[in-house]
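Trainee: Chain residues, written in single-letter form:
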Amino acid sequence: EAQVTQNPRYLITVTGKKLTVTCSQNMNHEYMSWYRQDPGLGLRQIYYSMNVEVTDKGDVPEGYKVSRKEKRNFPLILESPSPNQTSLYFCASSPGQGNTGELFFGEGSRLTVL
Amino acid sequence: DAKTTQPPSMDCAEGRAANLPCNHSTISGNEYVYWYRQIHSQGPQYIIHGLKNNETNEMASLIITEDRKSSTLILPHATLRDTAVYYCIVRGLSSNTGKLIFGQGTTLQVKP
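From first to last, the protein sequence lines are chains A and B.
Numbering follows our numbering, with no gaps: position 47 of the first sequence is 47.
Numbering follows our numbering, with no gaps: position 40 of the second sequence is 40.
This is chain B alone, in the form it adopts within the complex (with noise of 0.2 Å):
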């Protein structure tokens, strides 16, 4: 499975925009990019998933490079609640395994 890269830690003040990137340059034209949160040490929660379109859904927007070499994560309007360490995976058909690399992931500090 592709790789990614992802900044370990960013801030954003409450009610405005977060964009939280990810970069998977080595995907595979049938691999999706998934994204998840954590908030605390829950298990992680699903946010959305893209393949080459952008997606939209009611936690978030998924905004996917036409290349399909990096991805953003955006929270239209950040809340105190979206302080969490947010994972970006690829997964798809095109693996015959079922490994999954999450990496450390992005800790996004909403701030007040």
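Chain A with its partners taken away, still in its complex shape (with noise of 0.2 Å):
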């Protein structure tokens, strides 16, 4: 079955111990893309990546991080996380070349920082 799985689906944390969700699609899709979401401001784009060994800032990258050393997967990694950083997050992916394509979404991943 055609999917995006993102790990863990739901996690709480405190300040500053490092965590990583990760974000794996088996469509051998090109375009990868992370992205946010907060009451009342909708979805807002963490980073994205263009294809293998290319990732590029979106609106909010402060306080992220990700690779994409391979196709499949883009971790998205919180360094030393911080309450503001509380949301649901949600990675996709979309065939083609750039950006184009249809998106498809992972489930998302409920994080709580203390």
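No lab work stands behind these hints: they were computed from the structure.
As the structure is a prediction and not an experimental result, all values here were calculated from the model.
Glycine included, C-beta positions come from ideal geometry on N, C-alpha and C.
The list that follows gives simulated cross-link-like pairs (lysine-lysine, DSS-like), each with its CA atoms no further than 30 Å apart:
(1) A:Lys18 <-> A:Lys65
(2) A:Lys17 <-> B:Lys99
(3) A:Lys65 <-> A:Lys17
(4) B:Lys3 <-> A:Lys71
(5) B:Lys99 <-> A:Lys71
(6) B:Lys69 <-> A:Lys57
(7) A:Lys65 <-> B:Lys99
(8) A:Lys69 <-> B:Lys99
(9) B:Lys52 <-> B:Lys69
(10) A:Lys57 <-> A:Lys17
(11) A:Lys18 <-> B:Lys99
(12) A:Lys17 <-> A:Lys71
(13) B:Lys99 <-> B:Lys52
(14) A:Lys57 <-> B:Lys99
(15) B:Lys3 <-> B:Lys99
(16) B:Lys3 <-> A:Lys65
(17) A:Lys57 <-> B:Lys3
To give an idea of the chain A side of the interface with chain B (calculated C-beta under 8 Å), a few residues:
(18) Leu43
(19) Leu88
(20) Gly106
(21) Gly108
Once you've looked at the hints, go ahead and assemble the two chains, each given alone in its own frame, into the complex.
Mentor: Okay, here's the thing in structure tokens:
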């Protein structure tokens, strides 16, 4: 089944404790992206990757890192989480060159930073 | 990428057509209009997309104006399960960046 898988789905952590949210897609998509969603603010893009080893900042990259060492995986890294990073996170992927094609979203990861 | 503007909320009676507008006045020539919806806090779900011709699939119809500066998503017979947040975005080959702006979308409330 074609899907985007995020882990963990739910996480409660404490300020400063490094964490990684994994994202994996099995559709051989070139484009992958991370979003965060907060009440009243819609979906805001954190980082995106147009292909392996190619990543760039979205609108809200502060406090986050990403890597794209292989096509299927695009982990989101919070080196030192803070309470303002408490949010619902979505990973998405799409086929095609560059910024095109239907986006497939993961089910979301709800992160709470105490 | 072009930005889009949508009304924050709309109501629709069950069984009636829901018409959701989107303004994308700065859209480029080969940028597509995409519509997604998000039910509760699930991952957004693709609905439909188009370039300049009207499109229809099993979920909805998409009407794009001739100047391509706006579009309307039509759910022909809305049900309670269509209550969701609907996002209109534009993306395409004219962009050399992967940035995507979703905005806040339109919250559609289908009422019995």
